[in-house]
Amino acid sequence: MLARVKSQWAYIVITLALIFLILLPFDWFLGQYTSLMIFIGINTMVTVGLCLLLGYTGQVSLGQAAFYGIGAYVSAILSKTYGINPWLAMVIAATATGTFAYVIGYLIFRLKGNYLAMATLGLGMIVYIVFRQEGQFTGGPDGMAGIPYLSIGGFTFDTSFSRYYLVWFFCLAVLLISQNIVRSRTGRALRAIHGSEDAAQSIGINADRFKVKIFVLSAVYASLAGSLFAHHMTHVSPSSFGFLASVMVVVMAVIGGLASIWGAIFGAATVCLLKYELLLTFGEWDVVIYGLMLMLVMIFTPEGLFVRLKSIFEQRRLRREAEP
Amino acid sequence: MSEAILETRGLSKAFGGLVALNKVDLIVKAGTITAVIGPNGAGKTTLFNLIAGVYPVSDGEIRFRDVSLRNMPPHKRTALGIVRTFQNVLLFDNMTVLENIMTGQHPRSSYGFLEAALRLPKAHREEEAITLQAMKYLNLVGLGTHAQQNALSLPLGQQKLLAIARALATEPQLILLDEPGAGLNTLEKRELSDLIRRIKELGITVLLVEHDMPLVMGLAEWVIVLDSGQKIAEGTAAQVQRDQRVIAAYLGEEVE
Amino acid sequence: MSADQFVQYLISGLTQGSIYALVGLGFTIIYAVTNIINFAQGEFVMLGGMLSFTLFVSAGIPLVPAIFLSVLIAVAIGALLYLLAIRSARRASAVSLIIITIGASIFIRGIAAEIWGVDHVRPPVFSGSGSISFLGAYIHPQALWIIGTTLVVTIILHLFLSYTMVGKALKACAIRPVAAGLVGINTRAMALLAFAIAAALGAIGGAVMAPLTFTSYSIGVMLGLKGFVAASIGGFRSPIAAVIGGITLGVVESIAVGVNWGPFTSSYKDAIALMVLLVVLLVRSGKLAEEERIG
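Protein chains in written order, with the working numbering: chain A, 1 to 324; chain B, 1001 to 1256; chain C, 2001 to 2295.
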């Protein structure tokens, strides 16, 4: 009975949220935030991957920006330099990133905790150095411009308005897929590995294989986001994919609540708002604020800001319902 | 009845220079309750960890029915039908009671990432079966009313029962119980004994390491005694209790 | 590569390696006492260089007191890091602590960027810039300062750990934390001391290094990584091994660049250290896992 009421509410909330998302880019509504929302969507995709890996499976990665960058650069190079269809480039990028993550994951998931964190941090730096140094492919530190837009049939995604829908189509698909995975046998296996790896192995879960698989999935998400980023901006440069970019993914995941799929939107939105709307004139202060946020959230609400707010809200509601 | 389900030959394990287990031969007969006892540091836990595959064998052989377990990773042993519990319980603290047991069904289900991501019919079908099976084991250990609670909100006694239920959900042929009685009060120990007998009635072979002598003597049909990494005696509970070497091994240690 | 060149690369490797050794020492001391990897460790090298630059050049304080004061400020920041961020996060998991120290790292780095700007800063050298000729190679006097300082600091640290009550207590915490607590050693004070020492080591390194290699707000991450490599070569247990690890890394990096073949060009200098990191971690991974299981 209660469950049915709850699910009815859920449908209403979801419908309203969808209507909101569909109407948002129109000028008479919140059109001025269209490009902000595109960044939020792209960042959400990267963040969800890290939530699956870090929040659900308990495995740290401080190098997610590397996969984001590989996606962006492979898409950019194939579509611009070699004239390959951008969609095909995107698929090739995701496949290449996934394969790369598989090989790396196979090697490094023998490591745990601090060592894994350092290994992924190092990996991210290596990839960043490659972006900077291989100038004949990547344009070096200046990056490359003139990346074509995506298009379907005769329609080209050459306006922010159209790209908004494109990005959010991908973003919602990634969120839905992730939620389905979390609520499945696979999701339980991932949480089991987080809870106790020894216990997970003891009931027949191949922990190493699941870690590698979820690492690959997170890399593919990041790669798709990177490709969308490249075809949205039409120019890319290494500075978007360095150490700070990887830390930003951690910041977004931490704010959203590490073990929360939909919290990723909240995390990405908070960071993008700060970065693109509120702190434009602040110079490096945004980094200071992110550092402070990481420390404060982990010290006071390790489950994440979004999850904490959600549970406070739910408790209030329960208390209200309890009172006649 | 007399068929061996688990057999070790010359099983040894050394950590650096320290020999924790030295050429142990043992046979566990199918359908029995067998106990491994011994003073602290006798090598009981090492033996368990070798059977479960936590670390590699230094020397010797372990066979489960006719399969050699050497070099087999732990999760494959579980798929084969061996499961273990832990002294320190190790429940999944980020899950409910029911979810803990559902996770135990892992090796008996097969749908993967793709089926889960796209919610294909196979995922649905298996999820229903998993939930049904999990409820069965939940009721077997008498925790049916606690299904939706967080696993760590249970008192220790019930946590231990839950850990056993989670292990049973893998549908094993052999279950290894590592000090299941530790930290339990008299009443909880009686419940535990009953449960272990019920497990045997399900046709599952039980091998347990236990410190609590009355518990062992009341349950085990066959007792193996380890001391300083070696097997020093085995037999029925009554035989072992009269064995001079066993008494000597326990001298200086309080026999509980 | 000729013999002269080899000596040249060896010396430059020793110089760089000295800094890695000091950072690695910092990692090792904190890890041994608290089991925490401080991802902000490299920031103290940055702070050492920046602070001494400000005090010496901008404030006009004589060199030695300027460096002494810089180290003191860095120690205060290290202590605050422990007291405010690490100690408040009780019951924190390893992952939480990683994220907290990463947060501290970018926090310090961001503030440094605000104070000192994003351009390189180069404090003046300690004594003369005329190179000294040695076995056909040239040594910058500042390189001698770097190597010498590292040597002296390492020896002082060794004496401190071996011959003073406080040092022995610190060692006891690293070897047997529970037993150390039982015999009345204040393990929290020891953790604080470990963070303070690590900050001092980094800051000293930063102060002597900056005149030779420049410094900027963003050098912390890479130096932290390389110090981590140094410490992981030494297995995070032995200070001497961390020093040897750091020197080894510096020399390997320098000579690999000297070979100038394929991927080993100067533009990939940092990547070489990172490759060493991955190889060391993977080779040691089996051992590390075993240690974790038993320990």
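Some hints here could point you the wrong way.
As the list claims (entries may be wrong) - As a list, the in silico DMTMM-like pairs of lysine to aspartate or glutamate whose alpha-carbon atoms are at most 20 Å apart:
hint, chain 1, residue 1, chain 2, residue 2
1, B, K1122, A, D198
2, B, K1076, A, E303
3, B, K1076, A, E134
4, B, K1136, B, E1179
5, C, K2269, A, E134
6, B, K1200, B, E1171
7, A, K310, A, D286
To be verified - What the simulated footprint calls covered on chain C by chain A, stretch by stretch (three residues with Cβ under 8 Å from a Cβ of chain A suffice, anywhere in the stretch; the number is not a length):
hint, stretch
8, 2005-2012
9, 2111-2120
10, 2188-2196
These are computed hints drawn from the structure, not numbers from a lab.
Note that the coordinates shown come from a computational prediction; the quantities given were computed from them, not determined experimentally.
For each residue, glycine too, the CB sits at the ideal point set by N, CA and C.
So, going through the hints one by one against the coordinates:
1. B:K1122 <-> A:D198: violated (29 Å)
2. B:K1076 <-> A:E303: violated (33 Å)
3. B:K1076 <-> A:E134: violated (44 Å)
4. B:K1136 <-> B:E1179: Violated - the C-alpha atoms of E1179 of chain B and K1136 of chain B are around 24 Å apart, more than 20 Å.
5. C:K2269 <-> A:E134: holds (14 Å)
6. B:K1200 <-> B:E1171: holds (13 Å)
7. A:K310 <-> A:D286: The hint is violated at about 26 Å.
8. 2005-2012: violated (count 0)
9. 2111-2120: holds (count 4)
10. 2188-2196: violated (count 0)
In terms of the numbered hints stated before, the structure departs from hints 1, 2, 3, 4, 7, 8 and 10, listed from lowest to highest.
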